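Letter 578 of the sequence shown, counting from 1, is numbered 577 in numbering that gives the first Met the number 0, and no numbers are missing.
The hints are simulated quantities; they were obtained by calculation from the structure and are not laboratory data.
Check each hint, because a few of them may be wrong.
Claimed, not checked - Distance condition first, Cα-Cα at most 27 Å in a straight line; then the derived DSS-like pairs of lysine-lysine:
(1) K442 to K470
(2) K501 to K590
(3) K470 to K590
(4) K102 to K90
(5) K538 to K469
(6) K149 to K431
(7) K493 to K374
(8) K637 to K402
(9) K7 to K24
(10) K668 to K517
(11) K300 to K273
(12) K436 to K273
(13) K149 to K7
(14) K500 to K442
(15) K290 to K436
(16) K130 to K102
(17) K500 to K581
(18) K469 to K290
(19) K130 to K7
(20) K538 to K668
(21) K402 to K24
(22) K659 to K590
(23) K149 to K32
(24) K501 to K517
(25) K590 to K442
(26) K288 to K436
(27) K637 to K517
(28) K637 to K649
(29) K95 to K32
(30) K402 to K436
(31) K493 to K538
(32) K470 to K501
(33) K402 to K538
All of these numbers come straight from a predicted model, not from anything done at the bench.
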Amino acid sequence: MSNVNLMKSWVDAGLIRYVDYALVKFIQEQTPKVSDEALLAIMLTSHSVALGQVCINLEDVINTPEAMFSMDEGDDEAQQIARVQMLEWIKGLSLKPWIDAIKACSAIAVTDASGAVEGGPNSPLVLVESKGSALLYLRRYWQAEDIIVKAIRARLMSSSQIDDSDIRSLLADLFDGNKEFVTDTDWQRIACGIAASNHFSIITGGPGTGKTTTVLKLLALLQAERLKQALPPLAIRLAAPTGKAAARLNESIADNLQRLQLPELENIQPEDLKAVIPTQVMTLHRLLKPKPNSRQFMHNKANPLVADIVVVDEASMIDIEMMASLFEGIEPTTRVILLGDKDQLASVEAGYVLGDLCRGALEGHYTPDTMEWIKNVCGEEVSEDYRDEQGSMLNQAVCMLRKSYRFLEGGVIHRLASLVNEERDNYLEAPKMEELKEIFAEKDTVDSVSVLRLLTQPQHSDSVLEADFKKLITFGYGHYLDVVAQMPQSLDAKVFDQWGKKVLQAHTNFQLLVALRKGDWGLEGMNDQIERLLVSDKKLMDTDSLWYLGRPVMVTQNDYSVDLMNGDIGISLRYPVNGELKQRVVFSDGKGGVRWVLPSRLQSVETVFAMTVHKSQGSEFHHTAMLLPSQSSPILTKELIYTGITRSKKHFTLISGGEKVLEEAMNRKVERTSGLSLYIS
């Protein structure tokens, strides 16, 4: 059997996608002299995109091929045979001859650190040799990464437009009033100073660390600097990756801005300053204006968005191509500020942009000059632990907020998230699983309810829901369904608006998260099981109708015709139309009110009693429950568990199918290959 035919058998076995094989077959037909080794590299590069990779590192592939083709407990014999064949082929390769074979393929362009490209502009793949690494990309991802690298590097090299003395003075005005409440290093103050002095910056931190508060003070500082010179206020645009994240940031900014105690800055009245800080947040798609039936945007290199500053929240959700579109769609002079939690799940599509850019955030890597600048301008002493003589330009523009104000420092949710997030290289340390059990065993309560619960749920095909799991679901969703049952008696539209708002608010009380989509214990199976459970408990009625009363739905694709974005959540209710109650789905309007949409206009929605952890990003719930499968999977990582835990405001329940899966997940880290941090540095 030829090696290309062998690849076809791997498709049949489910090891690789048909599109991976089709690309190999196409290139083989177009370039008959291409070697099997080059075709293997092409197939692996295409396959890596399905794993979220931007490229493959050829040396890493040879050293640890298992990372690309890890074994699942549920794999059948054909998949196991295909995997063995694949690994044997890769392990028989040597790096230099493999690189030479790749370079000899006319379908692959070659470039180096200087950016000079050898090969045709239409070559579908690009090999980059730089800084001791050989990275192979599909061209579209190489182009996207190249755009981001050049845009960030140019901004990092541009000089600050604000004098250090002005930053020092404004930081003192904004933060000195909090001195009595801050007993250790004020990282919010440092982040504000760093972002004010850089044309590109990142403020990262976990839930409740004050990213929104920090960016509001930053915008106040930047606007005050303009107004004191009698210049027009800066044009500032706020954005987030999804409609749900944008709506949440809208509410957060409006709430924080109202409560923000601004002093009089440079004879500028607080209310005048607040008036020039924007509160409207848009999705990135809306900001850049997508072209109909296209992946392209109206705002691009030829028609950039006019803005002095663009702030993007929940940046961990942004994939490599979307980030490239953002930088392509704004002017080179536009200041960019990214906010997000570097430890959350990476984007669904290819790339790990925020994670790559924040690789050194925890350790700081601040140069002696930056340490001195922080001391003199920000007025803060930073521990020598964060010093690095060799810190990169990028490191100097990143600041990590290290104190959580939502979770009490040392509180059980904070400790649980920190434990899961911790990387342990020393095997002499206590196993994470033992510490996790100890944290769950603690009896902390909020509102007389345990903050943490750990449940076990067998997950065989004939398994029934355990009594504790049933109680969790019926009690959790019972709150919002009780509000659904309180349908107004009058036909007053305003009364129904108030009811719809209460239902949506009540729905944020509880949410079950799952790791997988497929299977009885994934998204699809759990939604069916929960529906049946709630019907048997008399919480739901008439679920034979698709749009039954109380059905929660999530929008799964951006739909500009009804102004709903991927991730938006609505509830199927009834609404008065011409004196009759009609089926409608209520959604938040993102401005504190609600809007009602005809079910027939919702083209891409799914029931959301169960929600994937990926889709939960950008959301918060009073009580979050997370169900982990009983079989191990590469999808189960510490980032996934951390993201699930940190969706909780007050209570968190973990439902596990087995200790082994949980322990493996806590020790498995998302690894996505790219050249972002390497080439920017």
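Each hint, compared with the structure:
Proximity of K442 to K470 is assessed by CA-CA distance (about 20 Å); at most 27 Å being required, the pair is judged to hold. With a CA separation close to 15 Å, the supplied pair K501 and K590 stays within the 27 Å bound. Under the criterion of a C-alpha separation no larger than 27 Å, the hint pairing K470 with K590 is inconsistent with the structure, at around 35 Å. At roughly 20 Å between alpha-carbon atoms, K102 and K90 fall within 27 Å of each other, so this suggested pair holds.
Proximity of K538 to K469 is assessed by CA-CA distance (about 13 Å); at most 27 Å being required, the pair is judged to hold. About 41 Å separates the Cα atoms of K149 and K431, which puts this hinted pair outside 27 Å; it is violated. Among the hinted pairs, K493 with K374 is inconsistent with the structure: their alpha-carbon atoms are about 55 Å apart, more than 27 Å. Taken as a hint, the K637 and K402 pair is honoured in the structure, with Cα atoms around 21 Å apart against an allowance of 27 Å.
The hinted pair formed by K7 and K24 meets the criterion: a straight-line CA distance of about 10 Å does not exceed 27 Å. A distance of roughly 22 Å separates the Cα atoms of K668 and K517; the hinted pair therefore holds under the 27 Å criterion. Proposed proximity of K300 and K273 is contradicted: the alpha carbons are some 32 Å apart, above 27 Å. As the CA atoms of K436 and K273 are separated by approximately 47 Å, the hinted pair breaks the 27 Å bound.
A threshold of 27 Å between alpha carbons decides the hint, and for K149 with K7 the separation of about 39 Å lies outside it, so the pair is violated. As the CA atoms of K500 and K442 are separated by approximately 34 Å, the hinted pair breaks the 27 Å bound. The straight-line distance between the Cα atoms of K290 and K436 is roughly 51 Å, outside the 27 Å bound, and the hint therefore fails. For the hint linking K130 to K102, the alpha-carbon distance of about 18 Å falls within 27 Å, and the restraint holds.
Distance hint between K500 and K581 is fulfilled; the C-alpha atoms sit about 17 Å from each other, no more than 27 Å. Straight-line distance between C-alpha atoms of K469 and K290 comes to about 47 Å, which puts the hinted pair past the 27 Å bound. Straight-line distance between C-alpha atoms of K130 and K7 comes to about 35 Å, which puts the hinted pair past the 27 Å bound. Taking the CA atoms of K538 and K668, the gap is near 40 Å; set against the 27 Å cutoff, the hint is violated.
The hinted pair formed by K402 and K24 fails the criterion: a straight-line CA distance of about 53 Å is larger than 27 Å. Distance check on the hinted pair: K659 and K590 sit about 45 Å apart at the alpha-carbon level, beyond 27 Å; violated. Among the hinted pairs, K149 with K32 is inconsistent with the structure: their alpha-carbon atoms are about 35 Å apart, more than 27 Å. Pair hint K501 plus K517 does not hold up; C-alpha atoms about 32 Å apart against a cutoff of 27 Å.
At roughly 39 Å between alpha-carbon atoms, K590 and K442 are farther apart than 27 Å, so this suggested pair is violated. With a CA separation close to 49 Å, the supplied pair K288 and K436 exceeds the 27 Å bound. The straight-line distance between the Cα atoms of K637 and K517 is roughly 21 Å, inside the 27 Å bound, and the hint therefore holds. Restraint check for K637 and K649: satisfied, since their Cα atoms lie roughly 21 Å apart, inside the 27 Å limit.
Between K95 and K32, the direct Cα distance comes to roughly 19 Å. Compliance with the 27 Å bound is thereby established for this hinted pair. Between the alpha carbons of K402 and K436 the distance comes to roughly 24 Å, so the proposed pair stays at or under 27 Å and holds. Proposed proximity of K493 and K538 is supported: the alpha carbons are some 26 Å apart, at most 27 Å. Our distance criterion of 27 Å between C-alpha atoms is met by K470 and K501, whose separation comes to about 23 Å.
A hinted pair counts as satisfied when its Cα atoms are at most 27 Å apart, and K402 with K538 does not qualify at roughly 41 Å.
This entry does not satisfy hints 3, 6, 7, 11, 12, 13, 14, 15, 18, 19, 20, 21, 22, 23, 24, 25, 26, 33, going by the numbered hints stated previously.
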